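J.: These are the residues of each chain, in order.
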Amino acid sequence: MKLHNISFNNLNRRKGKMIFLVLGLFIGIATIVTLLSITESMSRDIEDRLDQFGANIVMVPKSENLSLSYGGVSMGGVNYKTVEFDEVRIPDIRTIEYSKNLGLVAPKVLGAASVKGKDVLLMGVDFESELALKNWWQFEGTPPAQPNELLIGSQTASTFKLGVGDSLVLGDKEFVVTSILKPTGATEDGIIIGDLHAFQKVLGKEGKVSMVEIAAFCRDCPITELVLQIAEKFPDAKVTALRQAVMSKMQSIEMFKSFSYGIAVLVIFIGSLLVFVTMMGSVNERTREIGIFRAIGFRRGHVMQIILLEAMVVGLIGGILGYLGGNTIAFTAMPFVIKDGAFAGFNYSMGGMAVLLSIALSLIASLYPAQKASKLDPSEALRAL
Amino acid sequence: MNTINGNVNPAEHEVQHLIEILGIGKDYQDGETNVQAIKQMDFYIDDGEFVAIMGQSGSGKSTLLSILGGLNHPSRGQVLLDSLDIYKLSSEQRADLRSEYIGVIFQSFQLIPYLTVLENVKLPMAITGRKSKKQDKMARDVLARVGLANKADRLPDQLSGGEQERVAIARAIVNKPPILLADEPTGSLDSNTAKEILNLLKELNEEGQTIIMVTHNPDACKDTTRTIHVKDGSCYAH
Chain A
1 MKLHNISFNN LNRRKGKMIF LVLGLFIGIA TIVTLLSITE SMSRDIEDRL DQFGANIVMV
61 PKSENLSLSY GGVSMGGVNY KTVEFDEVRI PDIRTIEYSK NLGLVAPKVL GAASVKGKDV
121 LLMGVDFESE LALKNWWQFE GTPPAQPNEL LIGSQTASTF KLGVGDSLVL GDKEFVVTSI
181 LKPTGATEDG IIIGDLHAFQ KVLGKEGKVS MVEIAAFCRD CPITELVLQI AEKFPDAKVT
241 ALRQAVMSKM QSIEMFKSFS YGIAVLVIFI GSLLVFVTMM GSVNERTREI GIFRAIGFRR
301 GHVMQIILLE AMVVGLIGGI LGYLGGNTIA FTAMPFVIKD GAFAGFNYSM GGMAVLLSIA
361 LSLIASLYPA QKASKLDPSE ALRAL
Chain B
1001 MNTINGNVNP AEHEVQHLIE ILGIGKDYQD GETNVQAIKQ MDFYIDDGEF VAIMGQSGSG
1061 KSTLLSILGG LNHPSRGQVL LDSLDIYKLS SEQRADLRSE YIGVIFQSFQ LIPYLTVLEN
1121 VKLPMAITGR KSKKQDKMAR DVLARVGLAN KADRLPDQLS GGEQERVAIA RAIVNKPPIL
1181 LADEPTGSLD SNTAKEILNL LKELNEEGQT IIMVTHNPDA CKDTTRTIHV KDGSCYAH
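Protein chains in written order, with our numbering: chain A, 1 to 385; chain B, 1001 to 1238.
In short, the hints are calculated from the structure, not lab data.
Treat the hints with care, since some could be wrong.
With a straight-line Cα cutoff of 30 angstroms, these simulated DSSO-like cross-link-like pairs (lysine-lysine) come out [said to hold, decoys possible]:
1) B:K1039 with A:K375
2) A:K2 with B:K1039
3) A:K375 with B:K1137
4) B:K1137 with A:K116
So, partial list: chain B residues that the calculated Cβ filter (under 7 angstroms) puts toward chain A [unchecked claim]:
5) S1066
6) N1072
7) S1075
8) V1079
9) A1095
10) R1098
11) Y1101
12) I1127
13) G1129
Note that this is a predicted model, so its numbers are computed, not measured.
Even for Gly, the Cβ is constructed at its ideal location relative to N, Cα and C.
Extracted from the complex, chain B is given alone in its bound form:
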């Protein structure tokens, strides 16, 4: 394996990173054959970074993101979040961790069709015990932040693709999670809208938000602080 910028080496390990990926791998059983979606990966992500994970489809980048998000148990290795091995937690504890630490922007938005824009944004707060007035204020603030203050009462299918993506971003950041994971956030958008969304992510990063973005679009990496290339289940520096 190549030694790359971002990979963990023993000297750097003393530094406290926000996320540390230590020798993770993921195997799938496809019939009788064993498929290695991720062979071995080691890298870290620091607080305040905007990291792009680039790679062709099938390269294992989405699997990597789901492992980072605490959604997919790796076959081996560790994912440390603030030095906490998240896969040593029970699945319910990981759910709590996701609620508190991780915001996710899904591929193709994944908004709940029967909830309004405002309700979609409030969704992560439904389990936080926040008062509804406070929820309302937080959701409206974040909608204003993404430029959708006037469309709070629309249903998702009444919005354009770019607007739906903004709602997805608003939903991911409403709980103010330290980490924002974005899976192909520009994948289904035209180039102008994609640019707007990337600008929005960049602004959020400049405000201090740590962002890890999976993409196969090289243009999307222009504004990131670092790019990790994934190929055939392994990762390389840019």
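Chain A on its own, in the form it takes in the complex:
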């Protein structure tokens, strides 16, 4: 017989009380785990979507001139002195420290050409990376696979009355339109997109690249750090992070997070109060029993040990069940919170924290009742004696 046998036997044979105590902690911990799990899954989901959503870093050559366009309206001021990168330098991007966070790198060459007497913007791309980056593009026909095949914007198609299968001469080379881009509402509607190397020749910019779009996975890294690292490699480039979209989405997640923490604190408080009241009631109920312990020679510390050990066991069980329950709720609720959202999975460090928190709460809530119990005057406690 050791003191822990008394605690375990009490919990085991007074199951109703123990279930009530565990329930208090379970509700508290499960709520926290559910909220945190959902928030984590939400931010992962948004990050994944942003990662899929094409470029979040743009690299263009540094220019002394300020842009004279706003919201797609150009006010002239043609920049005659265009600067370009050498294509051979592009692979250097992947030598930065955070290169593992780099997804697609899509270089482009841009330039104007005259088609049927009208100026049109040509964009030469590496179709493989470009199409992966612009995965929201929809086409009529099949995307270009050969250097002499073209993808044209919907507006360009109607301006030049071009359809799939029509041919077009650019410079002195003949190209075939294999697909037409459905309206995107962006600049692509009015341009002609072709193979990077073929268009470099058409535009007379062999080995040159006008801009690079980069998709980076930013779950674990600060995007500003990535931008700085790329800028270091390319001192002649202006590297910009398209942060606006990320920021606004992350802001709403942060707001939800704060809200979750607020709710969590409230629920924890109520859970602890429940444990406190139940433990207090249990001590009052056990006054006589504690009197017997003291009368047969148990020290104050022994009585506290018995009660605190019970609290610890209750905390441990409540924490584990709360963590499992919280994850189950998060898993079940996820499809309703985020459409097509995936559950972020078990986070074991969160599990460890949940269990520790539960034990700590249970101990803190039981400290006063345990102290009160240990201070009971044995003769008062027994009365009969």
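Starting from the known structure of chain A, fit chain B onto it as the hints suggest.
T.: Just chain B, lined up with the frame of chain A:
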């Protein structure tokens, strides 16, 4: 105060007694009035005695027993156990003393409901550091001694009143304390069972156990070596 057999007088004081009660008194504050539960008591108890403390309810006998057990600080006077003034010790030291020297049989058994008979008997050993095998043997031996060897795994509420009392006795003597205090051990039992319990206590006394028993039942005093009567907070010899 009457001079009685058992009261301490200066000539006897040189003899070493197991317990000496020297001028103890206990006052309670009941609202604004001061109630004297024990006015003044002086007596001694020797090793191997079976002493009955008799008195009506409210006479102060239970208070006296709780003072003897180191559970209730007297308002004045001394309780010497082997010449040691137990109320000069801290409350934690008194807890250790109770664990080592005093076994208590409580009124209405006071068994722990969620522990089995065996576990209840082992309870006082939970703080002694004895190995569990040794604890088990000691508890089973003492259960056999009180005739409950076959009910070790029952819970208290599965036993009759007499059996519960035996468990309480087994628990009180398992640590082999020099002093056994019994508070109305037959109070809630029928006369036959009460007789059995008194026989058991008598046997224990014959084996050398010092017993101090509080009772209001005159029949219970037949087998004791001495009876101290308590009335209105004072004590008298039989």
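J.: Look at each hint and say if it fits the structure.
T.: Now the hints, each set against the structure:
no. : hint                : verdict
1   : B:K1039 with A:K375 : 28 angstroms, holds
2   : A:K2 with B:K1039   : 42 angstroms, violated
3   : A:K375 with B:K1137 : 33 angstroms, violated
4   : B:K1137 with A:K116 : 109 angstroms, violated
5   : S1066               : 5 angstroms, holds
6   : N1072               : 4 angstroms, holds
7   : S1075               : 13 angstroms, violated
8   : V1079               : 14 angstroms, violated
9   : A1095               : 5 angstroms, holds
10  : R1098               : 4 angstroms, holds
11  : Y1101               : 9 angstroms, violated
12  : I1127               : 6 angstroms, holds
13  : G1129               : 9 angstroms, violated
In summary, the structure is inconsistent with hints 2, 3, 4, 7, 8, 11 and 13 from the numbered list given earlier, while agreeing with the others.
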